[in-house]
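Protein chains: 2
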Amino acid sequence: MFLNNRLIILATLFSLMLFFSAGITHAQQPADFVNPFIGTSNYGAAYPGPIAPRGMASISPFNVAGPQNLPLEKDSRWLSNPYVNENTFLTGFSQVNLSGVGCPELGVILLMPTTGSVETNHLKYGSTYSDEVAKTAYYSVNIDKYNVQGEFTTSKRVGVSKFTFPKGQSNILLNLGLGLTNEEGAMVKVVSSTEIEGMRSVGSFCYNSPEAAYPVYFVAKFSKPAAKFGVWKKPSKQEGVEAQWMTYNGKTRMMDNTTKMVVGDSIGTYFSYEFDKTETVEVKIGVSYVSIENARENLEKETGNKTFDAVYKETYNEWNEALSKILVEGGSKENKTIFYTALYHTLIHPNTLNDVNGEYPEIKRGKIGTTKGTRYTVFSLWDTYRNLHQLMSLAYPQQQSNMVKSMLEMYDENGWLPKWELNSTETFTMVGDPASIVIADTYLKGIQDFDVQKAYRAMLKGADQIENNPLRPGLKDYIEKGFLTTKNGGPVSTTQEYNASDYSISLLAKALGKKEDYLRFKNRSLSYRKLFDKDLKLLRPRTVNGKWYEPFDPVSGANFEENVGFIEGNAWQYAFMVPHDIKGLIKLMGGEKAFSNQLQKVFDIKQFDMANEPDIAYPYLFNYIKGDEWKSQELVKKLVKEYFQNKPNGLPGNDDTGTMSAWLVYSMMGIYPISPGDPIYTITTPMFDKVTIQLDPKYYKKKSIVIEREVNNDGKIKQIQLDGKTLNSYFISHDDFVNGTTLKVIQN
Amino acid sequence: MFLNNRLIILATLFSLMLFFSAGITHAQQPADFVNPFIGTSNYGAAYPGPIAPRGMASISPFNVAGPQNLPLEKDSRWLSNPYVNENTFLTGFSQVNLSGVGCPELGVILLMPTTGSVETNHLKYGSTYSDEVAKTAYYSVNIDKYNVQGEFTTSKRVGVSKFTFPKGQSNILLNLGLGLTNEEGAMVKVVSSTEIEGMRSVGSFCYNSPEAAYPVYFVAKFSKPAAKFGVWKKPSKQEGVEAQWMTYNGKTRMMDNTTKMVVGDSIGTYFSYEFDKTETVEVKIGVSYVSIENARENLEKETGNKTFDAVYKETYNEWNEALSKILVEGGSKENKTIFYTALYHTLIHPNTLNDVNGEYPEIKRGKIGTTKGTRYTVFSLWDTYRNLHQLMSLAYPQQQSNMVKSMLEMYDENGWLPKWELNSTETFTMVGDPASIVIADTYLKGIQDFDVQKAYRAMLKGADQIENNPLRPGLKDYIEKGFLTTKNGGPVSTTQEYNASDYSISLLAKALGKKEDYLRFKNRSLSYRKLFDKDLKLLRPRTVNGKWYEPFDPVSGANFEENVGFIEGNAWQYAFMVPHDIKGLIKLMGGEKAFSNQLQKVFDIKQFDMANEPDIAYPYLFNYIKGDEWKSQELVKKLVKEYFQNKPNGLPGNDDTGTMSAWLVYSMMGIYPISPGDPIYTITTPMFDKVTIQLDPKYYKKKSIVIEREVNNDGKIKQIQLDGKTLNSYFISHDDFVNGTTLKVIQN
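Protein chains in written order, with the working numbering: chain A, 3 to 750; chain B, 3 to 750.
Read the hints as simulated data drawn from the structure, not as lab findings. Remember, predicted model here, so these are calculated numbers, not experimental data. Some clues are possibly wrong.
One copy or any two copies: either way a pair holds, since identical chains are not told apart in the list.
Each computed PhoX-like pair below joins lysine-lysine, with the alpha-carbon atoms no more than 25 Å apart [said to hold, decoys possible]:
(1) K230 <-> K366
(2) K369 <-> K230
(3) K366 <-> K407
(4) K236 <-> K253
(5) K236 <-> K369
(6) K253 <-> K366
Could you put together the complete structure from these sequences and hints?
This is the structure in structure tokens:
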């Protein structure tokens, strides 16, 4: 349980009471260590409000609108979070949100309690707030201006809000204009004094594909009938001669008591009450990406007549069960906190897209599909191919299997595997063709209950189709020359990404007995070497003529500066991003010593960026150099300590839908999936005495695998044993690992 | 059948073929005389497209958008019609329209056929047009730019469009942004390649009550599945720092193949076809003011699998039956044309509001009501209380009964009788409390199958409730002083209107045996006399101190200039608007001679306005002066000839939902309901040898009543006989009239 800032004793007592009344025994469970405030500052882009594991609905306090929140105000900059911990001006509670992404999206359907007469301008009805409490599946806060307490929990597809109002007129606003997304447009219809239905347009993620904007549908049910209700609409101001007669031109209009359908860019509803004593109202909001009817069914099936507390308890239990798949012992409370919060963050996205009846919108099609399992969405694959899916394969293989199946459904629907899929839109954000890596990695780890032949066909299509290939622009150059040239954006980065994908395809081809493809793609995966500048010992871009691009500054491109050659990074941050060919890279660089020096230089000249993915595996690369492994151990320990902390700015930057968090989870367990696609881990010192990973019997023979550490003074690993047998390297295959009983990391 | 402008032989042949193929015998039926082009110029505000009698749906060619249509362009001025006959630039066919009103409203859901690639900007896809054909229940036109023929018919709640496309790519656009209304906002969802559903916001009639804006729902079904379809949306342009990343900011986006719900101020759908030969596509659009489901049910129940021709034939037959309630013989074709077109115009509004299942939106409430009869809407009562409802009571008493019942339902729902009701919104346009007059007039004519006690209570409420009375502002002054003062708008006009209402209430009170009320209201009805200026022999405004308002120019206020004292008129145009107390007025003016002179002066100094209601009965007032009746006869004949003609500008101005047309129908029949509320007609020369009015046996004893004329040279009436007995005045009671057999107007 974590309290932010202005904790008062009353709130503590209250939340303790809630704990006990919910019947949860208070022996510190994994879910009790989660601090949802971690990552709510420093652009972590996490939010402190509740969500169920891989939930469709979530609730976030919304405090990024209004000049009071400058400089972190949503319209004044590129800001991707509905909540910033250091902001102070709250304008509601959004009911669908993205966690840890880099572009503004969702953050809509804003519920806001107020008192007194109805005010519809969020700049006027907004308030400071205090006494925030955030924990697994629960958030509460006091809204200062109105002395209203808001408490929030969710089921998978339903947000549940509970407001405690003082005596007098109280209002619950549902603002469909305000939102984090840059899309506009909503529809609303008050069904009765206890129900509202409608939709809000969202989309254009990362300012792309506005034509793919789509609706999120909702149904809201109130526990008490409103004494008065209505809809407001602020139309856009009309110009021209005729407008002179419109005294109401561009002004907000109050449509009291209406049950008609209302549409507009800036609309909302109010439900008003007259209370003669302190009273609570609960609001359940079911959402769906298919239809209002499905939103209503989601609401009924998941929450029906359940109380707030009952929903909270169920979701808490679901989280606790999920988080208990990895039990850690013998570490500080702080370390347990950052560990379980990170694990929590890896279980938010990809999230559920289908309704309780199985329906979901197919990708890029007008059709509604039906799944029998779970249709997942929010595949930020350029991020997550590096470690998150590997973590899922290990500890949550059923989920990972369904994620792969979802990706194959997208291929069926759309003709292509996903790249950066978001609520069945393909945003085409970032570069590369990462789905192949995720699928190969999953298959090679023994999670094979999907149509691998189809998956392989899909990979080949992405890898080989030169014309009209949305996944691999520049593929012709890549195949013919081995690299993209400067006529494409980020040609070096993209070449490296294609290499990584091709390597995974080669591994899968080999496993499937397709020897020719295996060799072809293995060969393709090494083409980055043509971009290696021996003088600089770095990769650098070539022009269409094959010449080095000039001028070339290896440092340019850090901190998201645009540069020729690289996407979100510079030559230093990409130099070692060939995890499948580190041995080849060592040769290119002139041997182990030169490689190790060059790698060390990245850190020495402060070009290592913990906050972005291309160099995320660098700290582990010293494991490839015999005798230098201690550098990895020290680096990982140092980076964890520096960047991952139990406080709002306790993530190095965007969580990238859990990728940063997955890095932390692995790093604290003492293993890391060093080469995506390769079923292999590299080893460092665990940060707990004992880590027990439950294995899913559907996919694994053993019930669990344990990682233990034996600590000494200098902190360097002296020996690694699997079930008592010494390993002669800092690497272990996935098979050996999951078929073992105990991996022991000995520093004595 | 009427052809506009650029008639070509082919079109004639085609439409003749249509007539025969529809199996209509071509002995000139009443419906064949209707020329829907009448009133489509000179601000008549009629449209030439099809509508069923009192239909909810109608189709109008829409040619008031775009600079090509200046000066009669909708946004450049106050323009209340979807179509202007002299305009040339067509941008679609609107599916709901008002006829003959003075404010822009409806004119939305614009269907437009195009060819070639899809263009969504109406200024670019618009076209000139030719070969217009307009007749009862049918309109057709050639859209020049695309060489597409459009044909249109309707059932009560469904518009049916038939497009004949040339070979190649053809498109049917459904534009939900463009419209005559000043409201904006729409929702659309493509259901399949043959169906679209959605809604369009309309309202704010006469720039009033924007908060009462409401949706018109629709379902569109296409006879052929589209090869491609999609939705376009042009969002409003966002401002601010963040908008710099939105390369698509404010630009139209094409959402191909989408079946998601889309909302916005400027949206539409396209359905595209690839034809390898000339092909037709029929589009049926069902509408509803209740829900999309009801729109769909309306469509299915009314038109189901019927062909365009079948729907046309049914609606034609319904019109012919309705128009045949009054059969005219022995007149010119031109006179029959203007007569039946006028009668047609009186059968458009009030129109049907309820869906086929009986549901309709209750007035000013969020509720959905259900009617077993017909719920009517569009009560422009300030206009229609003067003659239109009297015509309904005579020839369509069942409709008039349902109109009264609808008004009483509004009282039940809203607490007040209607004033200017439009699609269950009270627009409060104009002044006075005219519902009482309509109801009393109906009851006193023997149409009594409604709850007259409730009606009476409703009238009293409007007449007596001083505080918060939306119908009669200024009532306190009116009751205390006998008149409104200049602190209210149009105090003289309003006093006169209240007098007229009070007179009707007194008549009903008398009939109901409420003697005290009878005397009280009769007395109240004469209070206009306090505003009579003996020097000017005119009514003029008084200030709050009771003094004449200065300066006073009796001529000021003509042509809709604003003036102190009068609404839509000046002192001359209101001086005689006390039809219930003409004898009193004669006294005030100093006797018959002075009265007659003053009345003549109105015409002599050209202050008579044929285009507006206050003085609409003036031409008949000479009938009150013995010996001067010939002046009425000549005036009426002259005015008909001058203002009512078989051409687009053949109405004197706004038809005012049929009021001008009702004046013409009565005037051509030779009788006129001179004093609203009084069941009495005054008599002039009929313009046909024989007029046979069918009487509804549910309300009348006789099957029909005949009016005959015997013509002489000087055109003056010498004698009037009812069933052979000479009348000794130019007035006849409704009872005497309908219980007679033949009213003979003899000029010999």
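Now the hints, each set against the structure:
For a Cα distance limit of 25 Å, the shortest separation of K230 from K366 across copies, 15 Å, qualifies, whereas the shortest one inside one copy, 41 Å, does not. Within a single copy, K369 and K230 get their C-alpha atoms only as close as 39 Å, which misses the 25 Å cut-off; across copies the closest is 14 Å, which meets it. Proximity of K366 to K407 under the C-alpha cut-off of 25 Å is restricted to the intra-copy arrangement: shortest distance 17 Å within a copy versus 52 Å between copies. Taking the shortest Cα distances, K236 and K253 sit within 25 Å of each other both inside one copy (6 Å) and across copies (21 Å).
Proximity of K236 and K369 under a CA criterion of 25 Å is satisfied inter-copy only: 24 Å between copies versus 33 Å inside one chain copy. For a Cα distance limit of 25 Å, the shortest separation of K253 from K366 across copies, 21 Å, qualifies, whereas the shortest one inside one copy, 37 Å, does not.
No hint from the list above goes unmet by this structure.
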